[in-house]
Amino acid sequence: MSIDIETAARVAKLARISVEEDALPALAQEFSNILGFIEQLNEVDVEGVEPMVSVEPMRLKRRKDGVTDGGMQDKVLANAPDAREGFFAVPKVVE
Amino acid sequence: MTDLTKLKISEARDALRKGDVSSVDLTEACLAAIDKADALGAFVHKTPEIAMAQAKSADARIKAGDAPDLCGIPLGIKDLFCTKGVPSQAASAILNGFKPEYESTVTSQLFDAGAVMLGKLNMDEFAMGSSNETSTYGNAINPWRRGNDDTALTPGGSSGGSASAVAADLCLGATGTDTGGSIRQPAAFTGITGIKPTYGRCSRWGIVAFASSLDQAGPMTKDVRDAAIMLEAMCGHDPKDSTSADLAVPNFEAMLTGDIKGKVIGIPREYRMDGMPDEIEALWSEGRKMLEDAGATIKDISLPHTKYALPTYYVIAPAEASSNLARYDGVRYGHRAKLAQGDGITEMYEKTRAEGFGPEVQRRVMVGTYVLSAGFYDAYYNRARKVRTLIKRDFEEVFAQGVDAILTPATPSSAFELGKQHTDPVEMYLNDVFTVTVNLAGLPGIAVPTGLDSQGLPLGLQLIGRPWEEGDLLNTAYALEQAAGFVAKPTQWW
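Protein sequence lines correspond, in order, to chains H and U.
Numbering-wise, the first sequence is residues 1 to 95 according to our numbering.
Numbering-wise, the second sequence is residues 1001 to 1494 according to our numbering.
Only chain H is shown next, with the shape it has when bound in the complex (with noise of 0.2 Å):
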């Protein structure tokens, strides 16, 4: 399968990377490939075949929904490019 330009910009914008103009072609082009290679999976016959969840057949564990920890603001904002005021800072959301 041939991906276009206008595909492989679709594709950047729902992964939100920014991709120049002219770095598409070789984008796509890219993408193709690996595409193309990925579609040998049509050659297997998966008719009635469950699709894999778990790899080892296990039953998740189950927790009380409790509080366990927290109080550590401090902590969690220690590595954030921008705090203030206890609270993680962007650029404007809404108008």
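Bear in mind the hints are in silico, worked out from the structure with no lab data behind them.
The beta-carbon is built from N, C-alpha and C at its ideal position, and this holds for glycine as well.
Heads up, a few of these hints could be off.
[Claimed, not checked] Simulated coverage check for chain H against chain U, where a stretch passes if three residues somewhere in it have a Cβ under 8 Å from a Cβ of chain U: (1) 28 to 38; (2) 41 to 49; (3) 52 to 59; (4) 79 to 89.
Assemble chain U onto chain H, guided by the hints.
Only chain U this time, still in chain H's reference frame:
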């Protein structure tokens, strides 16, 4: 005692307990070796102060008679593991400056057992790569060379720094992680041992996530005994990882008898690839003969969906990565791009991720985004999950026929030249052709060095075991190791 850094974990443990050597001596020797080995690009964050403090308390603990196997043993830690207060950035620029406020479960367990951390080890960015060339720190270099030729070779990837450090005797062992072969391929390229345990054996908590249904941690060591010792300390149930198995961890070292009489070893015909070098073919036949001579029964088997493992992996791993890496948004940690006048939050995300992620990571995140997007989810992602079921079923069927372990080559070649395989990403993906099936099926796999190629570079074989039977697998690997008698070491040039 000279050449302390050349000791194996088991030898150092015994010497420490006898009082022949102290952890401080061992640690100082390793730190000195590391400082002389910057040319290898293996250690990317050195932690001498932490190491010396840990070594001193280990010595006190040994004196007090309370010494687990790893007490006082200096190790290197892959940069993918979060280590409290120490840079942990998965070799990515997007995590520049990130110092976790917490410790990963695996490193906590190692440090609780008294292990010493020498520093953080180089790797491919977010563990995406097979040559350690996608790292923001630059390449890690293989200590092995082709005879007198000084061409820089890859140590493999993604755990390239771990492999290089262990092979060059900069540390006694190292942690690695393996999503498609990232422990076993670099181990094979550097003449060391590396095991990826069954999915769920080691907690993934605090390990930077790449593809959560495939990622497993494991040890990279100088021999099989050391792998057994270190693996035992890394394993165990962790309530903080819902996929971690609530199973007892056996004493793996005690299971190393070398007796494999009556074991059935499968040789899968689908692993005989077109264009496979004769040397790999020969190595594989020799391994088969060695196990047969040790009393195992050899059985030719078929794993019919093998050829679909790589394409399956290159749907599932990017899909999971695109979801896992969504968290790198410039808000909570790491890099944030400088914004222009009028830029809003979307521009912040887009610029931050374009600057912070390298080309291979961007490629995989976008491929993952595509295969999960509306209209393609069934055609790609669900189909790949169905093929994954079939790949696992292939293994279940041969195990049901009484096969105890499967012998395959670990890699399709020996270590290759750095900077050579860049034109086509798919070509690089082929490095994982023998290892990736094991991750898709959740099985334990181990790479053991068994020979040298005509250029004097190490080659390894892989053994694949039944789920949760790492002890039995390690014992088969031990028998193979004994028979192969691989003792070659790289000549020091760094």
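Against the structure, the hints come out as follows:
Under the rule that three or more residues need a Cβ within less than 8 Å of chain U, the assignment of the region 28 to 38 of chain H holds, with 7 such residues. With a cut-off of 8 Å between beta carbons, the region 41 to 49 of chain H has 6 residues touching chain U; three or more are needed, and the interface restraint holds. Coverage of the region 52 to 59 of chain H by chain U holds [criterion: at least 3 residues with CB-CB distance below 8 Å; count 6]. Closer than 8 Å: that is the beta-carbon criterion, and the region 79 to 89 of chain H has 5 residues meeting it against chain U, so the requirement of 3 holds.
Going through the hint list in order, the structure satisfies each hint without exception.
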